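These protein sequences, in sequence, are chains A and B. According to this note's numbering, the residues represented by the first sequence are 48 to 419, in order. According to this note's numbering, the residues represented by the second sequence are 48 to 419, in order.
Keep in mind that the hints were calculated from the coordinates and are not lab data. Treat the numbers as computed from the prediction; the structure is a model and nothing was measured. Heads up, some of the hints might be wrong.
All copies of an identical chain are treated as equivalent in the list; a pair is satisfied when it fits inside any one copy or across any two copies.
[As the list claims (entries may be wrong)] Listed next, the in silico PhoX-like pairs over lysine-lysine satisfying Cα-Cα at most 25 Å (straight line):
| no. | residue 1 | residue 2 |
| --- | --- | --- |
| 1 | 268 | 222 |
| 2 | 268 | 89 |
| 3 | 170 | 369 |
| 4 | 89 | 369 |
| 5 | 369 | 162 |
| 6 | 408 | 162 |
| 7 | 222 | 89 |
| 8 | 369 | 408 |
| 9 | 268 | 162 |
| 10 | 268 | 408 |
| 11 | 408 | 222 |
| 12 | 153 | 170 |
| 13 | 153 | 369 |
| 14 | 170 | 222 |
Given next are the chains, with one letter for each unit.
2 protein chains.
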Amino acid sequence: MTPFTWTLDGTDGNARAGTFTTPHGALNTPVFAPVGTQATVKALTPAQVEELGAQMVLANTYHLFLRPGDELVAEMGGLHRFMQWNRPILTDSGGYQVFSLTRTRKIDEDGVTFKSHIDGSLKRLSPEISMRIQENLGADIIMAFDECAVPTDYDYSRLAMRRTHAWARRCLEAKRRDDQALFGIVQGGVFTDLRAESAREISALGFPGYAIGGLSVGESKTEMYRTITEVNSILPADKPRYLMGVGTPEDLIEGVRRGVDIFDCVLPTRLARHNSAMTMRGRLNLMNAGFARDERPIDPDCGCYTCRHFSRAYLRHLVNAKEMLAATLLSIHNLHTLVQLSRDMRSAILAENFEQFAREKLAQLNTKETEK
Amino acid sequence: MTPFTWTLDGTDGNARAGTFTTPHGALNTPVFAPVGTQATVKALTPAQVEELGAQMVLANTYHLFLRPGDELVAEMGGLHRFMQWNRPILTDSGGYQVFSLTRTRKIDEDGVTFKSHIDGSLKRLSPEISMRIQENLGADIIMAFDECAVPTDYDYSRLAMRRTHAWARRCLEAKRRDDQALFGIVQGGVFTDLRAESAREISALGFPGYAIGGLSVGESKTEMYRTITEVNSILPADKPRYLMGVGTPEDLIEGVRRGVDIFDCVLPTRLARHNSAMTMRGRLNLMNAGFARDERPIDPDCGCYTCRHFSRAYLRHLVNAKEMLAATLLSIHNLHTLVQLSRDMRSAILAENFEQFAREKLAQLNTKETEK
Numbered sequence: 048m049t050p051f052t053w054t055l056d057g058t059d060g061n062a063r064a065g066t067f068t069t070p071h072g073a074l075n076t077p078v079f080a081p082v083g084t085q086a087t088v089k090a091l092t093p094a095q096v097e098e099l100g101a102q103m104v105l106a107n108t109y110h111l112f113l114r115p116g117d118e119l120v121a122e123m124g125g126l127h128r129f130m131q132w133n134r135p136i137l138t139d140s141g142g143y144q145v146f147s148l149t150r151t152r153k154i155d156e157d158g159v160t161f162k163s164h165i166d167g168s169l170k171r172l173s174p175e176i177s178m179r180i181q182e183n184l185g186a187d188i189i190m191a192f193d194e195c196a197v198p199t200d201y202d203y204s205r206l207a208m209r210r211t212h213a214w215a216r217r218c219l220e221a222k223r224r225d226d227q228a229l230f231g232i233v234q235g236g237v238f239t240d241l242r243a244e245s246a247r248e249i250s251a252l253g254f255p256g257y258a259i260g261g262l263s264v265g266e267s268k269t270e271m272y273r274t275i276t277e278v279n280s281i282l283p284a285d286k287p288r289y290l291m292g293v294g295t296p297e298d299l300i301e302g303v304r305r306g307v308d309i310f311d312c313v314l315p316t317r318l319a320r321h322n323s324a325m326t327m328r329g330r331l332n333l334m335n336a337g338f339a340r341d342e343r344p345i346d347p348d349c350g351c352y353t354c355r356h357f358s359r360a361y362l363r364h365l366v367n368a369k370e371m372l373a374a375t376l377l378s379i380h381n382l383h384t385l386v387q388l389s390r391d392m393r394s395a396i397l398a399e400n401f402e403q404f405a406r407e408k409l410a411q412l413n414t415k416e417t418e419k
Numbered sequence: 048m049t050p051f052t053w054t055l056d057g058t059d060g061n062a063r064a065g066t067f068t069t070p071h072g073a074l075n076t077p078v079f080a081p082v083g084t085q086a087t088v089k090a091l092t093p094a095q096v097e098e099l100g101a102q103m104v105l106a107n108t109y110h111l112f113l114r115p116g117d118e119l120v121a122e123m124g125g126l127h128r129f130m131q132w133n134r135p136i137l138t139d140s141g142g143y144q145v146f147s148l149t150r151t152r153k154i155d156e157d158g159v160t161f162k163s164h165i166d167g168s169l170k171r172l173s174p175e176i177s178m179r180i181q182e183n184l185g186a187d188i189i190m191a192f193d194e195c196a197v198p199t200d201y202d203y204s205r206l207a208m209r210r211t212h213a214w215a216r217r218c219l220e221a222k223r224r225d226d227q228a229l230f231g232i233v234q235g236g237v238f239t240d241l242r243a244e245s246a247r248e249i250s251a252l253g254f255p256g257y258a259i260g261g262l263s264v265g266e267s268k269t270e271m272y273r274t275i276t277e278v279n280s281i282l283p284a285d286k287p288r289y290l291m292g293v294g295t296p297e298d299l300i301e302g303v304r305r306g307v308d309i310f311d312c313v314l315p316t317r318l319a320r321h322n323s324a325m326t327m328r329g330r331l332n333l334m335n336a337g338f339a340r341d342e343r344p345i346d347p348d349c350g351c352y353t354c355r356h357f358s359r360a361y362l363r364h365l366v367n368a369k370e371m372l373a374a375t376l377l378s379i380h381n382l383h384t385l386v387q388l389s390r391d392m393r394s395a396i397l398a399e400n401f402e403q404f405a406r407e408k409l410a411q412l413n414t415k416e417t418e419k
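Let the sequences and hints guide you as you build the complete structure.
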């Protein structure tokens, strides 16, 4: 019996509430996964990540391959044990980082040779190598090795998409562990015909879950939402759908509205390290001197540890004094915002009032609090 | 009735186990207080500081006076509320920082004028101003404004000591809040006659607690321990004694052995930010490549969150990858080491086997684990 099952607990329009079981517990969707690039969600202990309600974290194959090395992680008992996260983990394939973080790289049909951004040494990734690394890391959900092209270049998007399809087949063949679910990735830039072709080809391969890659990388919101709609109209309804690297409240709502189940993004923790708080009424920059004597929490409606305890005045002081605790408290809040939004969307779907919920939240997000 | 009472729960030789009550709860001594210079113990939430067992934190008057300003903290409800620490807080007087952090300063009989290390603006501290600031901050234990001289210069030590005595009288007169205990500070460098004079003079003023200042600032261990012995032979037995800025395991043991009750130090959190773990068997530098595949916790005998969960291999990875979580996990461990040592010393005193305990621990500290 496979440890991976997908159950639809409810739908409302195209929005879905589902349950995906993994060897480390079930995901209740819609779900947002915090990113722990180097086997840590930056500035947070796993206890804090668990307390804020995260169901799953993502870790980056590219980074862990280079440092500390996937074989070391395997020797230490795998990623769950190494980073002490006992709920589901998802690893990406390394593809995106090779194309976004490295300067010198050479792509051939077999894979990619590149220079490590850490020490400049020559490294190689291919579908087979990515599978081997992800098996060493031992995440519950692993991703096919793909090529993420500049989304607005048609010819390159087509070339990269077709390579992605060939690589997806090789990943399926190379995969050995049956306690890991391998998700296929749809590419094709912002081009409707390519996305449709990719969604059909990748679906035909029969993965236990599907991802939409190559979005939120510079294209317009209109193009992004249109692409999600197009791809999800083709992907099988009986498998989970993961929109990679997307993480604003607006995009989560628009994604769920179009049938997305799983999200991840560095945005909440990155914003936190840049003194910015995400709320369902827009962003607050805690550097702002107007908060110096503001006794209110970041968001009076938020139930996170940060908002239950600390004033904007205190957070502004921490930011101003360059204290590490600022990044920790803002990361807790920002991640909680997306985790709570995901939970609220699930409730709205199960109550069959998702559209009303979505409209209200999107309207609220557009009436930003005036920053003093 | 005063909220401050000191009870001796037990003694063993010169070592004491006591209870000091404050408006925010009782301190069971010996006690080590983590330092939260800018109203945060660096890299830790107050929940984490509480969980590791800290009974009290120290905050720095000098830093908070300059940023965010003591009046702002008072407006926000005082330091306990501002930083969300509901157990006892101790603030120092600002004296030590004025003499150690500022370059341009002018001392007169009335106080000190100095340039802020943050923006270069001209500021002034005096006994009266320090009392006003500490009353705005609202700590449970506040300190008399003192002058900390270079400990090996006799003439300057005598001058600074006499000024410290005059300032101590002015602090007693300037103090207004009766929910704060003002401790007097003994100075006098490493000179036995000056320390004896200072201990007598300061004791005669009748404070609810006494501190030994100006140690661990460059003098030898022999001089430091001799000075503690000398001062504590004069300080009244029926009041708590606080050794300022001292925080190695050896010094805590040697201090308690000589009748000290309260300690604070930046060392454990500073070492943590420099990748170093304090243990009762010496220090480990987690940068060390020998830990790359070491599955053991920092200290197999330690019960802290870090040691209950994480391997040296993981911590070494975090340090190597410059992840903030390294500082957090090492701070938890290092502070827990001193908090646990303090608890163990209290138990040993109450069981009347402190000398044996002290000898064993000091021997253990000298047989350092070989760093691989």
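As a check of your reading, is residue 268 near residue 89 (CA-CA no more than 25 Å) within one copy, between copies, both or neither?
neither (28 Å within a copy, 40 Å between copies)
Is it within, between, both or neither when you check residue 369 against residue 408 at 25 Å Cα-Cα?
Classified as neither; 33 Å inside a copy, 38 Å across copies.
Reference check for the pair residue 268 and residue 162, CA-CA at most 25 Å: within, between, both, or neither?
Neither. Shortest intra-copy (33 Å) and inter-copy (51 Å) distances fail the 25 Å Cα cut-off.
At 25 Å max between alpha carbons, let me know whether residue 369 reaches residue 162 within a copy, between copies, both or neither.
Cα proximity of residue 369 and residue 162: across copies only (20 Å, versus 33 Å in one copy).
Taking 25 Å as the upper bound on the Cα-Cα distance, should residue 408 and residue 162 be classified as within, between, both, or neither?
Answer is neither; intra-copy 44 Å and inter-copy 50 Å both fail.
Can you give me the call for residue 268 and residue 222, within, between, both or neither, at a CA distance of at most 25 Å?
neither (35 Å within a copy, 62 Å between copies)
Within a copy, between copies, both or neither: which one fits residue 222 and residue 89 at a CA-CA cutoff of 25 Å?
neither (30 Å within a copy, 44 Å between copies)
If the cutoff is 25 Å on CA atoms, where do residue 153 and residue 369 land: within, between, both or neither? Let me know, please.
neither (41 Å within a copy, 29 Å between copies)
Identical-chain pair category, residue 170 with residue 222, by Cα at 25 Å:
within (21 Å within a copy, 67 Å between copies)
Should residue 153 paired with residue 170 be assigned to within, between, both, or neither, using CA atoms and 25 Å as the limit?
Result: close within a single copy only, 11 Å intra versus 60 Å inter.
Checking an output row: residue 89 and residue 369, CA cutoff 25 Å. Within, between, both or neither?
Both: 16 Å inside a copy, 10 Å across copies.
Quick one: residue 170 to residue 369, C-alpha cut-off 25 Å, is that within a copy, between copies, both, or neither?
Between copies only: 22 Å across, 37 Å inside.
The structure shown violates the earlier hints numbered 1, 2, 6, 7, 8, 9, 11, 13.
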